[in-house]
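Student: Following the hints, complete the assembly by docking chains B and C onto the known chain A.
Each protein sequence line maps, in turn, to chains A, B and C. Residue numbers for the first sequence follow our numbering, beginning at 120 and rising by one. Residue numbers for the second sequence follow our numbering, beginning at -16 and rising by one. Residue numbers for the third sequence follow our numbering, beginning at 5 and rising by one.
None of the hints are false.
Stretch-level coverage of chain C by chain B, calculated; a stretch enters the list once three of its residues show a Cβ under 8 Å from a Cβ in chain B: (1) 163 to 176; (2) 265 to 274; (3) 375 to 388; (4) 403 to 410.
Listed below are several chain C residues computed to face chain A (Cβ distance under 8 Å; list not exhaustive): (5) A150; (6) A155; (7) G182; (8) A231; (9) S345.
FYI, nobody ran anything at the bench for these hints, they're computed from the structure. Beta carbons are placed, not taken as given, at the ideal position from N, Cα and C, and that holds for glycine.
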Amino acid sequence: MPDTGLLLYGGAFGLILIGIAGIVLSAHLVRIIFAVALLEAGANLLLLLATWHQGAAAPIIVAGRVPDLMADPVPQALVLTAIVIGVGILALALSLALRVQRAYGTLDMHEVRRHMEQDIADEAGIDMPSSSHAPAAVQTARQESGA
Amino acid sequence: MTPLDQLLALSALTVVAVWLIGNRQVTGWNATILYAAQGVLLMMMSDLGYGEVQSIASSLTFKVLGHGLHWRFDGLSWFFALITIGAAFLASWFASGEWGQRYRAAGGSLRLFHVALALNVFSMLVLLASGDLLSLFIGWELVSWASFLIMALGSATATRYAMRYVTYAFAGAMAVLMALVMVYTRSGSFEFQDFRDAVPAMSSGSLWMIVILFVAGFGVKMALIPFHLWQAKAYAETPGPGAAFLGAISSRMGLFALVVVLVQLVGVERLADLQLVFPFFSARDLLSWLAVLTLIFATFTALRQHDARRLLAWHGIGQGGYMLLGVLIADDLGSAGGLMHVFNHATYQAVLFMTVTAVIHRTGTSDLNKLGGLVTRMPLSFVAMLIGIIGLAGLPPMNGFVSKWLLYRALIIDGSPLLFLGSVVGTLGTILSVYKLIHNTFLGQLRLEHVEVEEAPSSMIWPMMILSTIVFVTGYFPGLVLDWVASAQAAVGLPVLAHNLGGVPSHKGGLDMIWVVSVLLAGFGIGALVFFSGGRSKRVHQLDNYAGGHFLTAETRYQYSDNFYPGLMHLIGPWYRKSFRWLERGFVSTVDTLSQAMQGFYRVVHPSFYLLVAVVSALTWVVAR
Amino acid sequence: MNQLALLVALPLITAFLLPVVNRVSTLAARWLGPLVLLVTSAIGISLWSQLGDSAVAVELGGFRPPLGITLYADRLALLFALATSIGTLLLWPSRGEEWLRQSTLALILAASGSGLALSGDLFNIYVFYELVAVVSYGLIAARSSAGSFAATVRYLIVSSFGAALALTGIALVYQATGTLNLAQLSQLAPTHLNNLQGLAAFVLMLIGFGVKAELFPVNTWVPEVYATAPTRVSGLLAGVVSKLALLIIVRLLVLVFNQPEALTVMLVLGMLGVVTGELAAWRARDFNRMIAYSSIGQLGIMFIAFSIPGQAGVFAGLAVALHHLVVKPAMFLLAGRWQGSLDRLAGAARTSPLGAVLFILLALSLIGVPPLPGFWAKLLVMVNLMAQENTLYSVGAWVIMGGAALEANYLFRVASSFYHRSEQQTPPVAHRTRDLATASLLGAGLVAGAVLIMPLADEIEGVASQAANRDQYVQTVNPEALP
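The following block holds chain A by itself, in its conformation from the complex (with noise of 0.2 Å):
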């Protein structure tokens, strides 16, 4: 039977892992949202299992009986608000890529991008300044088309 605070960590630290990967691998908005959510997930485990031990008994105090080994309750009233405010920063986010979606139609970071210099580049009336990614010709072309 493998060690469960091993598993416990591994799982902590495979879900941070994830959700790097995710965020920084996935050019699509709202997987990068839920990977975000996935890193967040990852961190409370952490903060959860920094107390942790195995066979703890919950914090409370029952009839005035004292169990030998309890779980740290803070972290645990700690990741609570963690959660809520993951939540809450979850919903705003799907939100806001919603009404990008509707403004922009795609939800792709490379187009995102270009669409929100433009805007900026209009709203200013200046160029937009040249893409690294595609030489000059390519970038007026898709203007062209695109707008």
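Tutor: Same frame as chain A, now just chains B and C:
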């Protein structure tokens, strides 16, 4: 209140008063009177100028962040302040009459102009009074921004070059600040005395660094090579009297600061000890050569100009080289020459800028290819310019001769034949170009469009005449100025020049200007006597053309002004490769490329990637430790 | 001293009351927010005058640490809480259609910002930090343009990523010490956190919280957000919020992670921030992004300054931070009517002479021209950097100098275009009176700072010496802790 407090307070008051009076014709006259009052206050401190008092402190002192700030005047400050206030007084007088009327009518604001001028004077006085490195820096910055203000008043070209000046000047200021901080870490304070005490203990590496930073910072103002690109056009395009003022004294603030730092604090002997990698070439030699190169380069660039104001502005840069060279020789003759040249240059440069401005006022142009023959229309201006160019060329009987004589003499005694040769080459270029200036403006035949031109108004003629008189009188009796120069020398710890009213007495061949000028005048007198008593002269009309046996009608004007000195230009033309401009452009395009790269960095598609990279590399570094 | 909690509670309660009040009277709702901020500012000032050299710790609900929530107020914390209140008041959102929502958000920002400054507990710091973040997303997106949504969501992702990493760092700290109370951490740090785990935790928190503090390289959101957000919000973010994030990092450095490696990481990242920010600003072609990039550079200077060890670093960094706190919001207020292409600004001095003069004043102080306060701050940083006698710190000094030279160039290129008389172009419209009045107030503050530099410097030095005093912190929170 000490006399210095009174002077600084009055100078600040001038700024406020001029601002309050506003954009009116009387502004200039009021400013002129206030400058005269400042001059009177300065004269009440004249004990400084005659070495009877070492220094006069201001009662104003601050202590900020544990650094004391104080101000005081010594002989050197007094000498520079005299030139500053004198130049401001005459420039303001010059600007108060018809010039001001026309400037205002053309949409310029006299309030802004006079406030800028007054602010320049105030900030220069503050700089001259600085009593420690920190107040020196504060004064320096005030001067820089005040002169930016007056430059930016001019045309669009002037603004562009003023902008360039800001870039150079602020980069220079940062160099100075860096040097100050380096001094601070080694001496523990910003006091002059502590710096002086710390110099012997400094390693030559750090002293080199400090010297280079100071020279780079203060050299910008002097337009020392390679920081010279901004000055000529910025000064030339400044409104006329402003150009006269800037040309007379503004750049000399750089010299003042260098004298304080290099001569008074570091000491020229220490500079001479600072060897570059190979022997026989020290920091002092490096700076001397920079000075000579500035002199030659700027003078010959001036020769190529066909705008009178730019020609003068380039000369202003070149003559700065003489002053620095003189100070670096650091014996009694050389440093006296360098310091006296500050005064002399201020006088003739101001008078030359004023005559050119007067010509512009009457004809509307300063293009040397479009002028000529004005001597019959503006004789007094001609005389003023003649005196000015004789001074600039360094010929007797004007004051420019005395300072250059002192300098050459010192170079010969010092045993620097190459530097001497360089200076002579510079003087040669000066003579050629000032001849071009007066010939193309006043000599030759009058152009048709200038037939109606009149003499400049009296508000311009008076300052010009006063300055010309000073140029002549201080050439006749150089001892008048040498008194002040001697106390300035004493103030910064240089050997003091023994002198008398006529010049320098010496067994090995001194100089007595009273004698020289008297002989010269006597010679002229005899010549004139022969000329007029002979009765063989015939008065010829200016337009009486006669060439090569052919009589031409008066409608055909003779103008030699276009394409002046073609042979010489052909000869030296290839030397102008604009390498400094290329250097500057190369620098700018490097910054531009880097800037583009950085913007590319910030326009990332996926910002989280950077976060990951930062975390991973920071963690790796921490672990690797 | 329980008034301390009011700084957080009062705006928070008002924020939630605001919609209700609006039902009763729109006029009252409009004025309630600024009024409350005025009250909290007054409370802050009165606390400041009572505080003197002492510090106070308030245990909310009477629980002792590590269980209770501690609010800790020394002069530094109070200063930043006060800056949050006053800053929000000055940069109160303009009256658009969404005024109610924006006022609510601004009040929550004031509350959570003050909470962030006053927290004496790592987890509360995290909570308030996230609260500030959420509120600022709402404020940034207030213009409801497509660009602002995109910029917000991009900012949100990197900020949440950072916050999650910071949370991981907090977990590491808790694992090593079993407490999150800063005072206790400060006592335990030499034995428990002076190791690899501690440093890793610091790096995670530095970069995590650094997102808001515009730390290189997690500051790529800065130009796009400041270009799309309402200018008052940008001013608030650049001026106040970034300093709050910086404050946390400084607290952590002083109290917990007092290790040379931690300082070096900050120094290097700060230098890179100056280099990249100033260089990018040099080529910026619109007003907002120019000052956005310049603010990255300025924050870089603060990181460099705070990386100087000991009280000198806190003093120098604090001086730069406070200066920037005044200058940057004023710049953004000017951006209100000047945003967009820099070419449009030709002749702006004709329509807005006061704005042009203010811009020049702010620019002069920003690049450090004496006798304006920016110069003294910069001098302080330079002197202390060189005093370290360390190559890396000297390089930092050179970087600051070079950055200032670049900054002078691009700021004055703009300033001189104000005075160009261009016939073809119509200059931009004059500033709104409210923007201009607020900016003038800040400009006047700057001038007053220059005049009163001596008492001001002494005061800031006092604040810094108190902030750098770990023993006082520990003893105030936990009187029995030290012998």
